[in-house]
Each structure stands twice: as structure tokens, then as C-alpha cells.
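Heads up: the protein sequence lines correspond to chains R and D, in order.
First residue of the first sequence? That's 1 in our numbering, and the numbers climb one at a time after it.
First residue of the second sequence? That's 238 in our numbering, and the numbers climb one at a time after it.
Worth flagging that the hints you see were computed from the coordinates, not collected in a lab.
Mixed in with the good hints there might be a few duds.
Okay, the calculated beta carbon distance ranges per label pair [to be verified]: (1) D/P268 to R/V71: 37 to 45 Å; (2) D/G343 to R/V50: 36 to 44 Å; (3) D/P270 to R/V194: 46 to 54 Å; (4) R/A198 to D/S240: 36 to 44 Å.
To be clear about the criterion: a stretch of chain D counts as covered by chain R if any three or more of its residues have a C-beta under 8 Å from a C-beta of chain R, and this derived list gives those stretches [stated by the list, open to error]: (5) 261-267; (6) 285-297; (7) 310-317; (8) 322-328.
Partner residues aside, some chain D positions facing chain R, computed with beta carbon under 8 Å [as the list claims (entries may be wrong)]: (9) Y241; (10) R257; (11) G343.
Every residue gets a Cβ at the ideal spot worked out from N, C-alpha and C, and that includes glycine.
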Amino acid sequence: MRRLRIPESVRDGVVASLALVPSVFVYGTVFGGLAVQAGLRPVEVWGMSVLVFAGASQFVAVPMMAAGAPVLAVVVTTYVINMRHYLMAATLAPSFRGFRRRSLALIAHLINDESFAVTVARSQPPDAGVYLGSATAISGSFVVGVLVGTLLGGLVDDPERYGLDFAFPAVFLSLVAVQLRRRSDWLVAVGAAVLAVALALVLRGNWHIVIAGLVASGAGALLLPSREEETCDRTSG
Amino acid sequence: MRSYVWLTIVGMALATYLTRAPMFLALARRPLPSRVRLWLRLVPLAVLPALAIPLIVVRDGRLAASLAHPPLWGAVVVFLLAARGVNLLVSVTCAVTVVALLRALG
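One chain only, chain R, in its complex shape (with noise of 0.2 Å):
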């Protein structure tokens, strides 16, 4: 009899996404009981989260819901706030090489910030296996965290009391740490915070995370020597 054997990256990818499960988690019964209370019926919070899989805009939507805004802006508001996706989807899918188009499809569904921090800070370029554990940690947990949270109502009232929502970026901010190599890294990773900052203050959405990861990505790609590319390679991962 076969064993089903699970790659050693995928567990991995598992392992790195620990310390965000709690968060996620939590954050995903907030978002249950939050939806219940404004109205949503638990069978539609739970389509919601497993159809859309994108907690920020989820947060957004359900009270625009709740006051009964148009569909259009509702869903023009969702895709605004997931836009920085594409980046995210860009940088992972060469790691997708051998797989078929269908696995691709379903894959692309679970991208999600956390994964894509964990995965990218793991190895440059970044590994299949790697994410898709992290994917199945973060889903998972969110999934499970919006199923209780339905049922029994968020079971912390207030998740910034104990600094849960810090989780999110100190991760993201550890992850940076960690790739921050040469000095043109430096220089990315410090214009892109700069100019995020300044665009939070007087744009809404999430649209400083789209300008200023695609500027600040751009601008590095253009001026600086591609030939750093090759050394690069060999050096990281």
C-alpha cells in the first residue's frame, strides 16, 4: 500500500505560517461574528469567505452591505482593495512551471498576503511547495476561524487588546528583514515604505499598496543593472 507522502517543502511552508495561524484565526472569528451581527446569515458569511478568500475586503464589504450600498460599489471596492494581488501573482507563478492549467486556476485562488510574505522571504525564486503549505495553514485557518465565529460569535472581543493585530505587520515587517541584502535592497524597501505612507494618508483603499510596490518594484528593475539577476541566483534560495 502507498503512503501519501507530503514534500518536505510543503511542510515548510506549514511550519513558517505558525506564527500568523493564531492571528488569522482570530481575526477569522471576528470577521464571523461581526458578519452575524450585521446581518448575513452563516451560510452566506461562509460562501463569502471561501468564494472570496480575501479577509481585508471582506472587513470592508459587510458593513457597505449592511447599509445596503449598490452591488457595483460594493464589488468596485473589493477589487480596488485586492488589486495588490496582481503583484503578488506576478512574482509567484514562474515557481509554477510544471503544473497544469487547472491545478493554476485553483491555486491562484488561495494568493494571499500572508502566504506570499512567508513564501518569498523562504528562497528567492520563490518554492511552489513552500507556498502552496502556507496557502493550506493561512485558508485553513481563516476558513475555520469565520466557521466559529459564525457559531459562536468572535471569541475576542477585542483582538488589539493583546496586540493581535500587530501579528500582521510584524511578520511582513520580519519577512523584509530577512531579504534585505544588498544596498539597492535597502533602497527599494525604504522608497516603496516612504511613498505607501504618503499615499495612505490621502488615498482610501488599498491603493498605496498597489502605486507603491508597483513604483518602487519598477523603478528598481529599470535602473538598476539586470546583470545583478544572474549573481543573484546562485547566491540566494
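Once you have looked at the hints, place chain D on chain R.
Leaving out everything else, chain D in the frame of chain R:
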């Protein structure tokens, strides 16, 4: 009301899938020139700080960068620990604890 809810959910799902799938499917199957590969390597270096830093210093559309702002200290802790190669789970737990303690005190 209910058809409104499902219509909105399906619309949100399609809009979100449209942000995930096209790039993923388009770039997964062809070799890329070195400048594009350089760009793809820089994307996380730009996107991660663009995600993280506003979460730390922007609150309700205003700059919250005073020394009494707990997330600022959490950020310093997590950055220093991570840069020294401390395990992710440990450094994030330390930072979350620092933020929770400072909020309890403040």
C-alpha cells in the same frame, strides 16, 4: 435582501479572482527575460514594506508616529530580532507581547 447578498458575494468573488488568476496563469508557463526576473525579485521588497509600514504608522488617515504609539516599538523589536536571525514565531510573539503590554500600560 438574500438575492442581493448572493449577487454581491459572487461579484466580489469574480472581482477578486480577476486580481489573482490572470498574472498567475500568464507568467507560469513561459521563460522570462532577466529584467523581468529582477523586477519580480524586487516586488516583495516593495510590497511588504508598503503593506507593513502604513499599518504601523497610519491610523484613520493620519500619521501616528509619536513615541507613545505602541506599534512603533513593536516594529523596532521585530525588525531587530528578525535581522539577527531570530525565528519568525519567536520574534513575532515578542513584538505582539510588547505591543499588548504597552497598550495595557498606556
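The hints, checked one at a time:
A C-beta distance of roughly 41 Å is found between D/P268 and R/V71, which places it inside the suggested range of 37 to 45 Å. Hint check: D/G343 to R/V50, Cβ distance near 39 Å, so the stated range 36 to 44 Å holds. Between D/P270 and R/V194 the beta carbon distance is about 29 Å. The supplied range of 46 to 54 Å is therefore violated. For the pair R/A198 and D/S240, the supplied restraint of 36 to 44 Å holds, since their beta-carbon distance comes to about 42 Å.
Under a criterion of three residues with beta carbons nearer than 8 Å to beta carbons of chain R, the stated coverage of the stretch 261-267 of chain D is upheld, 6 such residues being counted. Figure legend: the stretch 285-297 of chain D, annotated as covered by chain R; annotation consistent (11 residues with Cβ-Cβ distances under 8 Å, at least 3 required). Closer than 8 Å: that is the beta-carbon criterion, and the stretch 310-317 of chain D has 4 residues meeting it against chain R, so the requirement of 3 holds. Note: the stretch 322-328 of chain D has 4 residues with beta-carbon separation from chain R under 8 Å; the three-residue rule is met and the coverage holds.
With its C-beta approaching chain R no nearer than about 7 Å, D/Y241 sits inside the 8 Å limit, and its interface hint holds. The criterion of a C-beta within 8 Å of any C-beta in chain R is met by D/R257, whose closest approach is roughly 5 Å, and the hint holds. Using the Cβ-Cβ criterion of 8 Å, the hint placing D/G343 at the interface with chain R is not satisfied: the shortest such distance is roughly 12 Å.
Consistency note: the structure conflicts with the earlier hints numbered 3 and 11.
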